[in-house]
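Enquirer: Respectively, the protein sequence lines represent chains A and B. So for the first sequence, this note's numbering puts the first residue at 329; every next one is plus one. So for the second sequence, this note's numbering puts the first residue at 392; every next one is plus one.
For the record, the hints were derived by calculation from the structure and aren't laboratory data. Any given hint could turn out to be false.
[Claimed, not checked] Straight-line distance between alpha carbons at most 20 Å, and here's what the computed SDA-like set of lysine to any residue pairs gives:
| # | chain 1 | residue 1 | chain 2 | residue 2 |
| --- | --- | --- | --- | --- |
| 1 | A | 365 | B | 795 |
| 2 | B | 428 | B | 595 |
| 3 | B | 750 | A | 373 |
| 4 | B | 807 | A | 365 |
| 5 | B | 750 | B | 787 |
[What the hints assert, rightly or not] A few chain A positions that, by computed beta-carbon distances, are all more than 12 Å from chain B:
| # | residue |
| --- | --- |
| 6 | 339 |
| 7 | 357 |
| 8 | 359 |
| 9 | 360 |
| 10 | 390 |
| 11 | 412 |
| 12 | 415 |
| 13 | 416 |
All residues carry an ideal CB built from backbone N, CA and C; glycine is no exception.
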Amino acid sequence: MLLIECPYCGARAQIEFTYGGDATLSRPGDLSAVETKEWLDFVYLRENPRGPHIEWWHHSAGCRRWFKVRRDTLSHEISATGTPDSNLGSGSV
Amino acid sequence: MNFSRNLALKYSVFSLARNAFSHHERWPEAWRSPDPKAEYDVIIVGAGGHGLATAYYLAKEHGISNVAVVEKGWLGGGNTGRNTTIVRSNYLLDANARFYEFSLKLWEGLSRDLNFNLMFSQRGVINLAHSDPQLDAYARRGNAMRLNGIDAELLSREEIQRRVPLLDCSRKARFPITGGLLQPRGGVARHDAVAWGFARAADARGVDIIQNCEVTGIHKQGNRVTGVETTRGYIGARKIGLAVAGNSSRLAAMAGVTLPIESHVLQAMVTEPLKPVLHTVVTSGASHLYISQTDKGEILMGGDLDGYNSYAQRGNLPLIEHVIQAAVSLFPFLSRTRLMRTWGGVMDMTMDGSPIIGKLPVEGLYMNGGWCYGGFKATPGSGWVFAWTLAKDQPHELNAAFNLDRFHSGWLLDEKGAGATPGAH
Ligand SMILES: Cc1cc2nc3c(=O)[nH]c(=O)nc-3n(C[C@H](O)[C@H](O)[C@H](O)COP(=O)(O)OP(=O)(O)OC[C@H]3O[C@@H](n4cnc5c(N)ncnc54)[C@H](O)[C@@H]3O)c2cc1C
Ligand SMILES: [Zn+2]
Numbered sequence: 329m330l331l332i333e334c335p336y337c338g339a340r341a342q343i344e345f346t347y348g349g350d351a352t353l354s355r356p357g358d359l360s361a362v363e364t365k366e367w368l369d370f371v372y373l374r375e376n377p378r379g380p381h382i383e384w385w386h387h388s389a390g391c392r393r394w395f396k397v398r399r400d401t402l403s404h405e406i407s408a409t410g411t412p413d414s415n416l417g418s419g420s421v
Numbered sequence: 392m393n394f395s396r397n398l399a400l401k402y403s404v405f406s407l408a409r410n411a412f413s414h415h416e417r418w419p420e421a422w423r424s425p426d427p428k429a430e431y432d433v434i435i436v437g438a439g440g441h442g443l444a445t446a447y448y449l450a451k452e453h454g455i456s457n458v459a460v461v462e463k464g465w466l467g468g469g470n471t472g473r474n475t476t477i478v479r480s481n482y483l484l485d486a487n488a489r490f491y492e493f494s495l496k497l498w499e500g501l502s503r504d505l506n507f508n509l510m511f512s513q514r515g516v517i518n519l520a521h522s523d524p525q526l527d528a529y530a531r532r533g534n535a536m537r538l539n540g541i542d543a544e545l546l547s548r549e550e551i552q553r554r555v556p557l558l559d560c561s562r563k564a565r566f567p568i569t570g571g572l573l574q575p576r577g578g579v580a581r582h583d584a585v586a587w588g589f590a591r592a593a594d595a596r597g598v599d600i601i602q603n604c605e606v607t608g609i610h611k612q613g614n615r616v617t618g619v620e621t622t623r624g625y626i627g628a629r630k631i632g633l634a635v636a637g638n639s640s641r642l643a644a645m646a647g648v649t650l651p652i653e654s655h656v657l658q659a660m661v662t663e664p665l666k667p668v669l670h671t672v673v674t675s676g677a678s679h680l681y682i683s684q685t686d687k688g689e690i691l692m693g694g695d696l697d698g699y700n701s702y703a704q705r706g707n708l709p710l711i712e713h714v715i716q717a718a719v720s721l722f723p724f725l726s727r728t729r730l731m732r733t734w735g736g737v738m739d740m741t742m743d744g745s746p747i748i749g750k751l752p753v754e755g756l757y758m759n760g761g762w763c764y765g766g767f768k769a770t771p772g773s774g775w776v777f778a779w780t781l782a783k784d785q786p787h788e789l790n791a792a793f794n795l796d797r798f799h800s801g802w803l804l805d806e807k808g809a810g811a812t813p814g815a816h
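Chain A on its own, in the form it takes in the complex (with noise of 0.2 Å):
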């Protein structure tokens, strides 16, 4: 079971929490200046590294707030939390 502290909590049990993905995309600004290349790489593409990675957790059973993790996909290690506009460094090493 993974223990997972939320930035303004604490630190809960995994079950309290949902998964939301990674956290280092950046969506494309201005729609209408984008080209649709960069929109669909925002939307399929993903780095998906195997170490750290920086990702978004929701705090659905609890504060229901959401908040950016440091964990590593292969020790599941998690090694810093932090609130939305924290930054956790990038996601690969």
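On the provided structure of chain A, position chain B with the ligands as indicated by the hints.
Expert: Coordinates of chain B with the ligands only, in the frame set by chain A:
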């Protein structure tokens, strides 16, 4: 050499009796363990069922046998040896239905073709419906299957109870059963045997299977591949086929390609062995469970992904608890059975839930991956079409729809209509 490889390895009741006299200690090795050559016409990365089947069909169907299958661990140690072995072709979309039905037809003759008992058992696969709309959806799927020439039968609740006596079909069940869809020709097979059978047959046709040899880099000249860097040195190749399942993104990244894939862990588990109690495969999408009984008697169960990106080949307890809750609610007798083992494998989840079999945007580089939960049943079909694609440098009509371009052209194959959510397929 040829004699010993081609004839002595025919398994028969006579060779079994002969080897019994020497206490089964003198069976010849089923395949060689050669050192890599300097260069091959084709290198297949990954000796799972798919990589080995590809090599076998390259040699058998296209006469290309200067082929190496390079494996970082031992052959069949990936998802091929970790899955719940359900084989079926009960798909809704035409491209999927035709491809998986082609694969199922290959399964039906495969033990004979490979001279290796794959213990393929067409005991039927039943998908349970737990509501009227779900039963309607299954009726639609069954009709679509029949239009594609695939066997399908809609079952009433009473008929399901007759076929699966220990299933709780009563009205007071936690998720009452309203009926179901049966594919009678679906079933299970012995997973290790599939890897071993293809390995032995590919080796006999001259393919080099190189285990304990991890690919760490892909060499290119301009935009064309020239070979692979491995833990056993550089090996040259005119063509490279990736068949590495959950590691597809890593291998593609070595050639500078980013894929529409996330890797996730999927777990499975078995109970202690019981007498025969469950004669078909039963799945329940609504309660996230698929269940069957192995030939050893264990009740074999699996469910959903753990739900977060993972390369770990092991998962966590919440998912195991979830699967067991579903199993006990459908089969109350299981509450008194002990769980014996759990394990996990790394799934290559695509953004539309369908595989990618075809050319990558690098000359000479091809991939076979994105199998999500369901690549075991595809093993012979996937090897067959991938071999075709490698040999002819273009897809066969059966895998033309499984191209990588579809994510940018809009021709997605989203069987579930779940959208770009890899964990949801
Ligand atoms: C728990 C579980 C249950 C499943 N249940 C079913 C089911 O009931 N029915 C079904 O159809 N499918 C099922 N699947 C899916 C199925 O197992 C896979 O889709 C299928 O086996 C994939 O076969 P493969 O040969 O592509 O991959 P694998 O057997 O995983 O082979 C890939 C190989 O590539 C090797 N490799 C990786 N990286 C490298 C590298 N850098 N260099 C060299 N080699 C490398 C790996 O070591 C591995 O041996 C299940 C999977 C799991 C985990
Ligand atoms: Zn919280």
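Enquirer: Hints broken by the structure, by number, lowest first?
Expert: Hint 4 alone not satisfied by this model.
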